[in-house]
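Asker: Dock chain S against chain F, hints included.
Line order of the protein sequences matches chains F and S.
Numbering-wise, the first sequence is residues 1 to 246 according to the numbering used here.
Numbering-wise, the second sequence is residues 1 to 246 according to the numbering used here.
Hints listed in this document are in silico derivations from the structure and should not be mistaken for laboratory results.
Treat the hints with caution; some may be incorrect.
The list cannot tell twin chains apart, which means a pair is met if one copy fits it or any two copies do.
[What the hints assert, rightly or not] The calculated lysine to aspartate or glutamate pairs, modelled on EDC-like cross-linking and capped at a C-alpha distance of 20 Å, are:
hint	residue 1	residue 2
1	241	122
2	241	120
3	227	120
4	24	99
5	211	173
6	77	122
7	41	219
8	107	242
9	137	43
10	77	120
11	241	184
12	6	74
13	216	138
14	24	53
15	216	47
16	24	138
17	227	135
18	241	2
19	6	33
20	66	143
21	66	33
2 protein chains.
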Amino acid sequence: MDQVVKMIIEYDGTNFFGWQRQTKSRSVQGDIERVLNRIFKREISIDGAGRTDAGVHAYGQVATFKTAIPMPLENLKRALNNFLSEDIRILNLSFESEEFHARYSAKGKTYVYKVLNALDRDVFTSHYAYHYPYEIKEELMLEAISYLIGEHDFTSFMASGSSAQNPIRIIHDITLNKTGDNIELTYTGNGFLYKMVRIITGYLLEVGQGKILPQKTIELFENPTRKYTTKVAPAEGLYLKEVYYK
Amino acid sequence: MDQVVKMIIEYDGTNFFGWQRQTKSRSVQGDIERVLNRIFKREISIDGAGRTDAGVHAYGQVATFKTAIPMPLENLKRALNNFLSEDIRILNLSFESEEFHARYSAKGKTYVYKVLNALDRDVFTSHYAYHYPYEIKEELMLEAISYLIGEHDFTSFMASGSSAQNPIRIIHDITLNKTGDNIELTYTGNGFLYKMVRIITGYLLEVGQGKILPQKTIELFENPTRKYTTKVAPAEGLYLKEVYYK
Numbered sequence: 001m002d003q004v005v006k007m008i009i010e011y012d013g014t015n016f017f018g019w020q021r022q023t024k025s026r027s028v029q030g031d032i033e034r035v036l037n038r039i040f041k042r043e044i045s046i047d048g049a050g051r052t053d054a055g056v057h058a059y060g061q062v063a064t065f066k067t068a069i070p071m072p073l074e075n076l077k078r079a080l081n082n083f084l085s086e087d088i089r090i091l092n093l094s095f096e097s098e099e100f101h102a103r104y105s106a107k108g109k110t111y112v113y114k115v116l117n118a119l120d121r122d123v124f125t126s127h128y129a130y131h132y133p134y135e136i137k138e139e140l141m142l143e144a145i146s147y148l149i150g151e152h153d154f155t156s157f158m159a160s161g162s163s164a165q166n167p168i169r170i171i172h173d174i175t176l177n178k179t180g181d182n183i184e185l186t187y188t189g190n191g192f193l194y195k196m197v198r199i200i201t202g203y204l205l206e207v208g209q210g211k212i213l214p215q216k217t218i219e220l221f222e223n224p225t226r227k228y229t230t231k232v233a234p235a236e237g238l239y240l241k242e243v244y245y246k
Numbered sequence: 001m002d003q004v005v006k007m008i009i010e011y012d013g014t015n016f017f018g019w020q021r022q023t024k025s026r027s028v029q030g031d032i033e034r035v036l037n038r039i040f041k042r043e044i045s046i047d048g049a050g051r052t053d054a055g056v057h058a059y060g061q062v063a064t065f066k067t068a069i070p071m072p073l074e075n076l077k078r079a080l081n082n083f084l085s086e087d088i089r090i091l092n093l094s095f096e097s098e099e100f101h102a103r104y105s106a107k108g109k110t111y112v113y114k115v116l117n118a119l120d121r122d123v124f125t126s127h128y129a130y131h132y133p134y135e136i137k138e139e140l141m142l143e144a145i146s147y148l149i150g151e152h153d154f155t156s157f158m159a160s161g162s163s164a165q166n167p168i169r170i171i172h173d174i175t176l177n178k179t180g181d182n183i184e185l186t187y188t189g190n191g192f193l194y195k196m197v198r199i200i201t202g203y204l205l206e207v208g209q210g211k212i213l214p215q216k217t218i219e220l221f222e223n224p225t226r227k228y229t230t231k232v233a234p235a236e237g238l239y240l241k242e243v244y245y246k
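Same shape as in the complex, but just chain F (with noise of 0.2 Å):
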């Protein structure tokens, strides 16, 4: 009888074209299918809870599949992180109910944007943290975010080639840590738009760097523009990091 697993995924999103499987280029889920492929000798395929971008990681994406599973779970978890590359790992499998998806169950999101706020770039982080060489002040960024939390039409953070029907979004929290040179922003909201994380953190760092008041976040919710948030932050420092369910 087929039985859902749900998955949790890591990955180093560097050498992949995204989440999504495509025909040439190197997915993460086309690598997860081609290694189930393998152990269950038979086409399965997954659903991601969301399609990460060309170069943006994840610490716990979502997939399920649907199969019949004749070993226990701990044994196809150690099986598929045989086979994966080292820049895939599974966290954990669980079996789930039958109408468990990992999009359309899905409750909310918490992603993380890594900047490097430092004069001089990294060698070692230039994949993992977006090298911002500006001077930015937090208390600016602080009370942009203010306003950002809520429940908003975010038509104004969103990219121009999505098609999302609705814009609405509930942005539950965002928390700013700074340690030293690393700024690290955390978006916990109800579903995020097409690039809307790595929108809003362009804009929000123009308004730490002084170039848009705080304030101006509120006249983007009430009349809908990109022409205040054409800065999208680069893919190599957002990370998933949760899908929550139920």
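Answerer: Only chain S this time, still in chain F's reference frame:
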């Protein structure tokens, strides 16, 4: 008039076939020389303090070269860092006396070796630390370390292909630092034989696991043999941290 310039260099060794210039493969020396040739419009060769192997990183490799410098060093540094790829960075440039040489003038070096001592591997450190999943006892390693410090014949801890004429070296200090699952071994000495840091690290981990008694170290100095030092810790955990002069 030709001047001697000392460079301090940081690099992520992951995508290099080592420090040393090679005809067909990418090397740190080759990359830097190519950029210098481009800036000065003539052939410039640089001498490194030590040849790091493929995959080995550096926080502070040192190299020297000789040429007439028609610009402030600050400008040269900026030009170099603009042209170099993101995995190499010049940290500092300085003028030195005519007899100064990165390798021959060096009085000592510090290397750091990073170990991830956890059951599970981690996708973000696979190129930056050695994943060692076995339980180890620090106190056993610390005892062996106490025997390793000092002036010794390190023949037992030297790679077989080494061309060193004299296997006597002084290790000034070895420190072991454990933070959570991360272990850092820091080695400072007047010089290190080929692969010596990686061989000692592999040996210390075997000692920590209880496979070799710490006191065996004393015997290995008295009756050199590679019998107990076959486990060479891999390149990805090793960092050339600093080179000392005068």
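Asker: For every hint, state whether the structure bears it out.
Answerer: Results of checking the hints against the structure:
1. 241 <-> 122: between (23 Å within a copy, 15 Å between copies)
2. 241 <-> 120: Classified as between: cross-chain Cα gap 18 Å, same-chain 27 Å, threshold 20 Å.
3. 227 <-> 120: neither (29 Å within a copy, 46 Å between copies)
4. 24 <-> 99: Neither, since 32 Å and 55 Å both go past 20 Å.
5. 211 <-> 173: neither (24 Å within a copy, 50 Å between copies)
6. 77 <-> 122: between (35 Å within a copy, 15 Å between copies)
7. 41 <-> 219: Neither, since 55 Å and 54 Å both go past 20 Å.
8. 107 <-> 242: within (11 Å within a copy, 49 Å between copies)
9. 137 <-> 43: Neither way: residue 137 and residue 43 sit 52 Å apart in one copy and 46 Å across, limit 20 Å.
10. 77 <-> 120: between (41 Å within a copy, 12 Å between copies)
11. 241 <-> 184: So residue 241 and residue 184 pass the 20 Å test inside one copy only (12 Å; across, 27 Å).
12. 6 <-> 74: within (13 Å within a copy, 54 Å between copies)
13. 216 <-> 138: So residue 216 and residue 138 pass the 20 Å test inside one copy only (16 Å; across, 55 Å).
14. 24 <-> 53: within (16 Å within a copy, 33 Å between copies)
15. 216 <-> 47: neither (38 Å within a copy, 54 Å between copies)
16. 24 <-> 138: neither (43 Å within a copy, 48 Å between copies)
17. 227 <-> 135: Answer is neither: 22 Å inside a copy and 56 Å across each miss the 20 Å cutoff.
18. 241 <-> 2: neither (29 Å within a copy, 54 Å between copies)
19. 6 <-> 33: Result: close within a single copy only, 14 Å intra versus 51 Å inter.
20. 66 <-> 143: So residue 66 and residue 143 fail the 20 Å test inside a copy (45 Å) and across (53 Å) alike.
21. 66 <-> 33: Within. Shortest intra-copy distance 12 Å satisfies the 20 Å Cα cut-off; inter-copy 55 Å does not.
The structure fails to meet hints 3, 4, 5, 7, 9, 15, 16, 17, 18 and 20 from the earlier list, while all remaining hints are met.
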